[in-house]
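*Asks:* Chain A is already provided as a structure; the job is to place chain B on it using the hints.
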Amino acid sequence: MLDKKAELEIFRMEPDVDEFPRFDTFQLEYGEHTVLLDLLREIRDNRDGSLAFRSACRSGICGSCAMRVNGYAKLACQTRVADVVGKGPIILEPLGVYPAIKDLVVDLEPFWDTHNKVKPWLEPKSTLPDVPTSESLMSIQEVDKIKRLGDCILCASCTSSCNTAEVEKNFQGPAALAKACRFAADPRDALGAERGLGEIKPKGLYWCCYCNMCTEVCPKDVRPAEAISMLKGLGFTAGVPHDIGARRSLTFYDTVRRWGKINEGTLPIRAKGIGVLGYFPLGMRLLARGKLPSPFMDVIPRIKEVRTVYDNREAQGDGGEHE
Amino acid sequence: MLSYDVLIIGGGLAGLRAALEVGQQAKVGVVTKVYPMRSHSVAAQGGINAAISEEDNTEDHIYDTVKGSDYLADQDAVEILCDEAPRAVYEMDQMGALFSRTEAGRIAQRPFGGQDFPRTCYAADKTGHILQHTLYEQALRHNVKVHNEWFVLEILSDGGEVRGIVALDTHTGKVETIAANAVIVCTGGYGRVFSRSTNALINTGEGMSLAYHAGAALKDMEFVQFHPTTLYGSNILISEGARGEGGLLFNSEGERFMEKYAPSKMELAPRDVVSRSMETEIQEGRGIGDGYLHLDLTGIGADLIGDRLPQIAELARTYLGVDPVTEPIPVQPGQHYSMGGIGTDVHGATEVGGLYAAGECACVSVHGANRLGGNSLLDTVVFGRRAGAAAAAYVKGRPRPAPIPDSVVQEHENKLSALLAADSGESFSPVRKEMEVAMMNGAGVYRHKDGLDKAIDQLDVIKKRAENLTVSDKTRKFNFELQGALEFKHSLLLAEVIAEGARSREESRGAHFRNDFPERNDADWLKHTIATKGEDGPVYSTSDVSITKHQPKKRVY
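Chains A and B, in that order, are what the protein sequence lines are.
No gaps in the numbering here: position 294 of the first sequence is 294 in the numbering used here, and each next residue is one more.
No gaps in the numbering here: position 478 of the second sequence is 478 in the numbering used here, and each next residue is one more.
Chain A extracted, bound-state conformation:
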C-alpha cells in the first residue's frame, strides 16, 4: 500500500549540454516496503523518461545502483524510502570521487582501473592440469577468514566515499585493497601480499587515513578498513618490501621496543632513508627554533614491562604483532 508521500531532489545533468547541474524535484507515493529504486523506476517509466541511472538485479547483489542518498553512498535497490525520509526532501546524487556523466551515472572507468592493478585474481601455486580431477582442500576456517571479503559486489560505494581517494586519484582505494586481501589470505594463492601494494603509483596501502568511511557505507558489510589492516599484517609477515608508510611503522615498532618511546629524531631518517636529505633545509629551520628533538635519548625506566608486552604479543604470532 502506497500511503505516504516523499519528495525527491535528484541531481540532473545532461552531457555536452548543461554547463552546471540542477536538481529536479519529484513528489512520489511510497509504502512500508518501497525502496528508492522503485521510485526511480516510477519516475523513468511514467514521469520523465530521460532520467539516467544504472540498475539491474533489484536485490542488492549486482552493485549497479550505488548512488549518494542524503550525502551517503547506498544501493538504491536496498534502501527503503521509510529509512531515509526525513523533514526535508531525499537528496539523490551521483557517487563521489568519480566524474558525473549524466544524472546519477558516473564514469566508473577509474574505479575499474585501480581495481585491476592489484592483481585481483587467484594466481595458482602451480600449473593447473587441463582437466582437473579434484578440488584443492580448504578448511572451513580458511574459508571463514576471507568469506566476508568475498561478499564484495564492487559497487564502488566505499571507494567513492574514501577520503584519501577524494584527494589522491591514484590511491587504490578500499574496494581494490579488500579484493587484494581476499586473495593474499587465500591459501591457494601464490602471490600473497605481493600484489604491487607498496608501489607509489598507484598509491598503496599506507595512504589509507583510517577514517573508516568505507566500512560505514559498505552495503554488504565487507568492512574494507579491517581488510586494509589485515593486508598490512600479511605484508609484514611475508616480508614484502613496502613503502615509506611501512618503514615508518617498523621504525615506531623498533624504537618503542628499544627506548620505550618514539624517537622523533631518527624516525624521518629511517622512514625516508636517503630521501630525507631533501628535507635538510626544513631540518635546519626546525633545529634553529629548537623544534627538532635530539636523537640521543634515554630509555624509559620501566622498559622491561614494555618489552614483555612485545614478547607476549609476538608469541601469539599470526602476523598480529604489527597491527
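Honestly, I wouldn't trust all of these hints.
To be verified - Derived DEER-like restraints, expressed as beta-carbon distance ranges:
no.	chain 1	residue 1	chain 2	residue 2	range
1	B	ARG398	A	GLY71	54 to 64 Å
2	A	ASP24	B	THR542	48 to 58 Å
3	A	ILE274	B	MET1	20 to 30 Å
4	A	ASP130	B	ASN468	47 to 57 Å
5	A	TYR210	B	GLU103	34 to 44 Å
6	A	GLY86	B	SER264	49 to 59 Å
7	A	LYS5	B	GLU351	53 to 63 Å
8	A	THR127	B	ALA523	17 to 27 Å
9	A	ASP130	B	ASP423	20 to 30 Å
10	A	GLU216	B	GLY233	25 to 35 Å
11	A	GLY86	B	MET1	30 to 40 Å
Don't read these hints as lab results, they were simulated from the structure.
All C-beta atoms, glycine included, are put in the ideal place defined by N, C-alpha and C.
*Replies:* Just chain B now, with coordinates in the frame of chain A:
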C-alpha cells in the same frame, strides 16, 4: 575498425567461460550492455550440480536431469552436461571460487529439488556471485578485452555465415561495428517478458532475438520455468537452497500442502511440480492475504541460516520486513528461467556458420521441459567452455574477418535518428507493461487455449503500437529510454514465439501445463518446437528429441 576472431556478446558466466577458452587459441573480445559484474549470473543463489561425492554417480545425475526435463531434454547433451560437471566444478575451484566446505575440506553439497542425492555444490546462498567474480577475475588475469556498456543492435550475417556485430556504445552514443569470424551469444534470459519475474531489469532477451534475426532457430520457447519461492510482491528470488536446508511450505490452513502433490519428494519436488501445487492452492482459496503462501525456515535455526542462507535472510528482512529465523516468508511463484532459447548442437553451434550460443539464451537442450535447480550454473560453465572451444576451432585458419562497410553504420544511425526524432507516438514503458501482464495471464503457470488466444490477440495490438514509439530523451549518451524501447521490441518477438509455441503444443509437459490438455502426449509431442524467421514473422516446425538410455515413462515424485 575493431576486429576479433571470436566476439562474445554478454559478460556473464557463459560469456566469460567461453572467453577464457577462446583466449588460449584466438583473439577474443567481449561486448556487454552492463559491466560484467552486473550480469544476472551474480543473482544465482543455491548452487551448481556435480556428482563429486564417492557415494554419488554421474548416471544418477543424468537420470534425474532427464526425468526432471519430462523426457524432452536431448539425452546425448545431458550426458555431456553431467559427465563434465565434476571437471567444471573443480576448474572453478582452482580458479579461486570460494565454495563452502565440509569438515574434510571438500566442496560442500546440499539437497536440491528433483534429485536423489545432495549433489548441489554451493557457496552459502551466493553461488552465482562467487562464480561470476571468479571468472571475471580470471578474465582480468588473462587480459580479456571487454567493451563495457555496449548495446548490440545487430548480429551481421551474410551467406549463412557470421560477419560481426553492430553496437551502440552508450558512453559515447556512437554506433560502432566489430568484425568477427565467429560470434557467441551469451546474453541470458528474458524474464522481463513477464510481469512477475525473479530476473534483473536487464533480462530483456535481445540476444535470442538478435540470433533469430541473424538466421538461427529459437527452440522450445514455450517452456518457461516459474520458480516456486519468490518474495511476495517484488518476486526477488528465494533460493531452492532454503528448502534444501529444511524449509517447509504451508497454506492458509497451516497445511503442509505438498503432501497432496508430491508425497515422496514433498518440498523438494522439481520446480514445475511445486509451482503448480502452489498456484492450485492459491486458486482454490488456500492462499494467504491476496495470494501468497508461507515458506517456513523457523525450524532451521539462526546459526544454520546465518551460515548457509545469509543472503535470503537479508532479502526477506529488507524487502518484506520479515525475519526468517522467527517468522515464515511470504512467497509466490514467479517467472525465473527459460528452458528454451537459441537452438544449438552440443558444441553450442547454430545453423549459421560461426554463430554460437551458450547459457540460458541457448537451448542445447539439456533442460527439456523443466530445468532442475543447480543445473543452470552448470550449463553456463560446461557449454560456455564447449562453445568457446568450438568457435576457436571454427576460426582457425580463416583469413582476418572482412571489414564491415560504413553503410551498415549509416543504416543504424538512420534508424536511431528516426526513433529519436519521432515526436508523436507512445512511450514504450506502459506498452511494455501491457505485454508483461498479457504474458503472465495467458502464458503463466497454467495455460489454456482461450487464455493463449487472448494473449496472442493482445500481443498483436501491442506489436502495432510498438511500431509507433517515441522517446522523450533526445540525447545519445546513456540514453536508457532509447535502449529500453529497443529492448522492448526484442522482448515482444520472444513473447510472441513463447505464446504461439504454448498454443500449438496441445499437451502438458514439464513447465508447460495446459488445462485443456492435462496429459503428456508422447505420440504427438515428444519433439522440440522450432521457430525460424520467415517473410512475415516466425515460421514454426518441430525436430526430434535425442533419446539414448532413458525411455519416457510416467513422471512421479
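*Asks:* So, for every hint listed, does it hold in this structure?
*Replies:* These are the hints, each one checked on the structure:
1. ARG398(B) with GLY71(A): 54 to 64 Å: holds, 55 Å
2. ASP24(A) with THR542(B): 48 to 58 Å: Check passed, 53 Å falls within 48 to 58 Å.
3. ILE274(A) with MET1(B): 20 to 30 Å: With Cβ atoms ~51 Å apart, the hint is violated.
4. ASP130(A) with ASN468(B): 47 to 57 Å: Check passed, 55 Å falls within 47 to 57 Å.
5. TYR210(A) with GLU103(B): 34 to 44 Å: holds, 38 Å
6. GLY86(A) with SER264(B): 49 to 59 Å: 54 Å Cβ-Cβ, so the 49 to 59 Å window holds.
7. LYS5(A) with GLU351(B): 53 to 63 Å: Check passed, 56 Å falls within 53 to 63 Å.
8. THR127(A) with ALA523(B): 17 to 27 Å: violated, 54 Å
9. ASP130(A) with ASP423(B): 20 to 30 Å: Roughly 59 Å apart at Cβ, these two residues miss the hinted range, so it is violated.
10. GLU216(A) with GLY233(B): 25 to 35 Å: Holds, since GLU216(A) and GLY233(B) (Cβ atoms, about 30 Å apart) stay within the stated range.
11. GLY86(A) with MET1(B): 30 to 40 Å: violated, 53 Å
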